[in-house]
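Dock chains B and C against chain A, hints included.
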Amino acid sequence: MDGAGRRMYELMRELYPLCRSITGDGVRATLRTIAARIPLELHEVPSGTRVLDWTVPEEWNIRDAYIATGDGRRVVDFQSCNLHVVSYSEPVRATMTLDDLRPRLHTDPRDPDWIPYRTSYYTRSWGFCVSRRQLDSLRPGVYDVVVDSTLEPGALTYGECYLPGEGETEVLLTTHVCHPSLANDNLSGIALLAELGAALAKRPRRHSYRLLFIPGTIGSIVWLARNEDKLSAIIAGLVVACVGDAGPLTYKRSRRGDALIDRAGGYVVGRSGGRVLDFVPWGWDERQFNSPGFDLPVGCLARSLEGEFPGYHSSADDLASIRPDCLEESLRAALAIVEVVEQDGVYLNLSPKGEPQLGRRGLYRSTGGDAPDDDQLALLWVLNQSDGRHSLLEIAERSRLPFATIRRAADALLDAGLLAQAT
Amino acid sequence: MDGAGRRMYELMRELYPLCRSITGDGVRATLRTIAARIPLELHEVPSGTRVLDWTVPEEWNIRDAYIATGDGRRVVDFQSCNLHVVSYSEPVRATMTLDDLRPRLHTDPRDPDWIPYRTSYYTRSWGFCVSRRQLDSLRPGVYDVVVDSTLEPGALTYGECYLPGEGETEVLLTTHVCHPSLANDNLSGIALLAELGAALAKRPRRHSYRLLFIPGTIGSIVWLARNEDKLSAIIAGLVVACVGDAGPLTYKRSRRGDALIDRAGGYVVGRSGGRVLDFVPWGWDERQFNSPGFDLPVGCLARSLEGEFPGYHSSADDLASIRPDCLEESLRAALAIVEVVEQDGVYLNLSPKGEPQLGRRGLYRSTGGDAPDDDQLALLWVLNQSDGRHSLLEIAERSRLPFATIRRAADALLDAGLLAQAT
Amino acid sequence: MDGAGRRMYELMRELYPLCRSITGDGVRATLRTIAARIPLELHEVPSGTRVLDWTVPEEWNIRDAYIATGDGRRVVDFQSCNLHVVSYSEPVRATMTLDDLRPRLHTDPRDPDWIPYRTSYYTRSWGFCVSRRQLDSLRPGVYDVVVDSTLEPGALTYGECYLPGEGETEVLLTTHVCHPSLANDNLSGIALLAELGAALAKRPRRHSYRLLFIPGTIGSIVWLARNEDKLSAIIAGLVVACVGDAGPLTYKRSRRGDALIDRAGGYVVGRSGGRVLDFVPWGWDERQFNSPGFDLPVGCLARSLEGEFPGYHSSADDLASIRPDCLEESLRAALAIVEVVEQDGVYLNLSPKGEPQLGRRGLYRSTGGDAPDDDQLALLWVLNQSDGRHSLLEIAERSRLPFATIRRAADALLDAGLLAQAT
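Protein chains in written order, with our numbering: chain A, 2 to 424; chain B, 2 to 424; chain C, 2 to 424.
It should be emphasised that the hints constitute simulated quantities derived from the structure, not laboratory data.
There's no promise every hint is true.
[Claimed, not checked] Derived DSSO-like pairs (lysine-lysine); straight-line CA-CA distance at most 27 Å: (1) B:Lys231 <-> A:Lys231; (2) C:Lys231 <-> C:Lys203; (3) B:Lys231 <-> C:Lys354; (4) B:Lys231 <-> B:Lys203; (5) A:Lys354 <-> C:Lys231; (6) A:Lys231 <-> A:Lys203.
With the rest of the complex left out, here is chain A:
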């Protein structure tokens, strides 16, 4: 993998300081960094645009924010950690008592040192997130409170990388880009998708690939609203998120449950010893892709799911919790899933009555009596099951032989004229 884990980690480190949200310059800067690696087109969708049941919100940008004592000492400072400000906080410049301020201060019940991550996208409000220890150390009295933000008509920005393939079929790969300095959720997903895009750009592609770097929820809703004509071409999709921690590799099925992506994801992650879970209607953007009106075959690749790792949605989700080897294993799984989606197919045995004589075609060793090896078993499996109803992946599942072995057997049989693509 030529140091891909390390490379993804470095990209995460580069993007970590940026203050992202569902709109704003943090997202734009993030996307431009990715665009230096893969052919990414940035889309700007104006505030106020109606998208499905939603409206694109105003754009939020922030320069500074703090709570300071009368003598100017900052006791809470956005400059030290961008989680300190509730995302989408409206501009504030006020002097307040601690008692008046207290309802605006969010802490994390899980750990006294963690700063929680909070948002208020669709209700105009403002607030600060602090550790319980910070809160406890605040003396009664009067504080200067400043949120130097703008919340105004602007645009929602997302990035799209389209890699055309041989045919009409399309694979959708997405990740959310709306979180500020949170590492696993979801700089890990961003880094993996960028690396995956770079790998896909270099290889021949049977299917087209569309990679979306989008703000969570509203981003997928925007994209779906603007691209309904493209949905019928999507044969498989994957939401990638939280792929850098030490949790078990996890594939979460699409709502359909038995789509190609589900078989491919289940096969790859299952064989690697990971978890394969049924669809549930929460998590990340798979919620939107799998809403009943779209019902797209989009699964999810992750390690720990939302809420499962200790520092989830807090300052404890930092770069120290990321393991480059886990990032790399996640990437390998994504590539293996893509490989199955590229290579799977349904075939017809052209000599279906009895086994064809493989030996005469050089496909079977000439001395008999010994146990067959995996390659020979794979030939027999493909011949036996290729009646137009079983895909190579299904044959791999049933035979418990590696997909690559089954694919190789199919290629040998195609070369020998014993197999044809089913129509």
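Leaving out everything else, chains B and C in the frame of chain A:
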């Protein structure tokens, strides 16, 4: 539950001394006692009436029965326990040696102190049931044997309580009333059904409810024969029996196995930690309702099944083996099943493309970043699965959220105009 | 079973010395021995005949073979063990150094004393099989090498025993006869099929039975090529092999997986505590019968499968590894499977509304209150499930009652006019 367990137990105590059988005054007295609690109509079906493959038998009544020594000492006495006489014994007045009498004396191989329960409904005969200890204490010699019974044309009596609902659909609830002084089998079922009827009479009802207090086998056959025109309205049914012992709460599926009642019964009993069993063609009146020519969606609610509790069909099935708290738990399960049958439904998400924006409708909290609670998850589940193919109960099963939570979410979404009843 | 295990073992002993292959006089002698026991017709198919994708090979016969030192001492001798010669070795008469000879010598990596079994049917070649110890004892030097065989146009021989039944339906039973002195693989299968044929010949038969004694692979291909018009009558089939060792009784399903033979085989072997396995496209002639162009309902009855027992395909598969009691258990299983295939059927309850009154027809005891026995439960099961959709075997599976008990109940109900054959 306002003392329902205690109330059911008291009703059992009141009914315990009566000598019931499949016909006769013991059944009438039992039904009149129930009619004091719920609107019960008594039906009388004349002996000789042809019902399906059967004929209503002659009516049996008994005043006294005994085996006495020459000096008039009763060594077996119906007055002390009505199980002593084989049910449906024809009248006898004879003097016999012990050797001649012996083939008429039934004992219980399970325990030397138990008097077994035996019947001879459809073959004219007579006999006594005694404990092994009683039998062993009988000295050789001559005995006076008296069964002061009548077995003559009369009627079969059953009770029917009809509680009309809003629509055409009907729920059938039945229990057998043919056993003499046996507590769990089946005064417990009688008491539960009476209490359930009282509760149903007080509440609004989407479906109509028909409660049958019937003699076992012949009673359901009589009712089915006379009510074939009503069967198509039955959407669910439950046979209730043996619900007062300490055995595990048990739901036994209908022959169909996947009817609404099976999902409701399986859901309620499964969540309570009880047993959910497949249909088998023995047990109680579910045998008749589930015969292939009717194949009604009628399950069974019980605790120990027939044969499972130690004193089954013997004098050991007395009031001491009944636990009011278990009776009450059984009643709660029956009510919960009814609740699901009342409240289940299939809906259509009216905003099926992407998730609708719940926050703007006041259905989702405005601050994001925190874990969703059950109510929020329930909204997402109902929206995601309401494509006209999944009922709320199925959504509850799949999501593992309580049915009531799912129902509440559906109601909120109906109020918000996001959901409609599927047609 | 009147000593059937011992009888099969004696037949194996009689056939053990013969040098069989896929053609030749060893097979003919084997089939003639069987023809003395059951009405077996021998078929001769000329070399060069095209059969499906294959061609019938030349006929191979061997009189002698050896490797001898210069002074005439045989260091490897076909006369002491016919496995010493690679089957289908072409004639050789040469003087060679050990170094030149070595590539022609096959050993068995599993054990230093085993002589492996090797073949070269479709590539003209020759070779010897020796134990590792033999090989190690050979001194460098010059050896006389002789294979006194013929490999010339002739015929492929197979045996067919047809036992007509009442109707048009047919059951196919096959075993392979191509192995030289190997006991479990497959003199055991040959002996079992001969004994099974003798038993079938004596009994009334609803179905016809066709028993094939065929060389592996090419034999089934030959038979299939010549009998395509007969295939549609085959309702069930069984390949029998490796049935004499102490391994667990094993049923391997047909490719269809749910054919009558699969239910019967799974039922019989499952109840006996044996293994029931899914189809895999290797093993014996089931590979050909289950090729997708035929897809016949043919399963496999065995104990240890190919490769599973220690001495598989070596001189260690000798008569000492055979247990007559295991042979007999295998035969009993085959007969029980045949019995189910003969006796299974689908029926209609002619009194489907409620239970019919069995007591009045003498089918139910007159005294009630006691637990029902298996015969009574079987009557209720058959009545309840006989709606034209469930076979007796399915009822036996579901009720967990023995098939024979269910069959007996169905017969009693047929006699009572309560049941009719479904059409």
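Cross-check of the supplied hints:
1. Among the hinted pairs, B:Lys231 with A:Lys231 is inconsistent with the structure: their alpha-carbon atoms are about 53 Å apart, more than 27 Å.
2. For the proposed pair C:Lys231 and C:Lys203, the alpha carbon gap of about 24 Å is at most 27 Å, so the pair holds.
3. Between the alpha carbons of B:Lys231 and C:Lys354 the distance comes to roughly 15 Å, so the proposed pair stays at or under 27 Å and holds.
4. Using a Cα cut-off of 27 Å, the hinted pair B:Lys231 and B:Lys203 holds, with the two alpha carbons roughly 24 Å apart.
5. Pair hint A:Lys354 plus C:Lys231 holds up; C-alpha atoms about 15 Å apart against a cutoff of 27 Å.
6. A hinted pair counts as satisfied when its Cα atoms are at most 27 Å apart, and A:Lys231 with A:Lys203 qualifies at roughly 24 Å.
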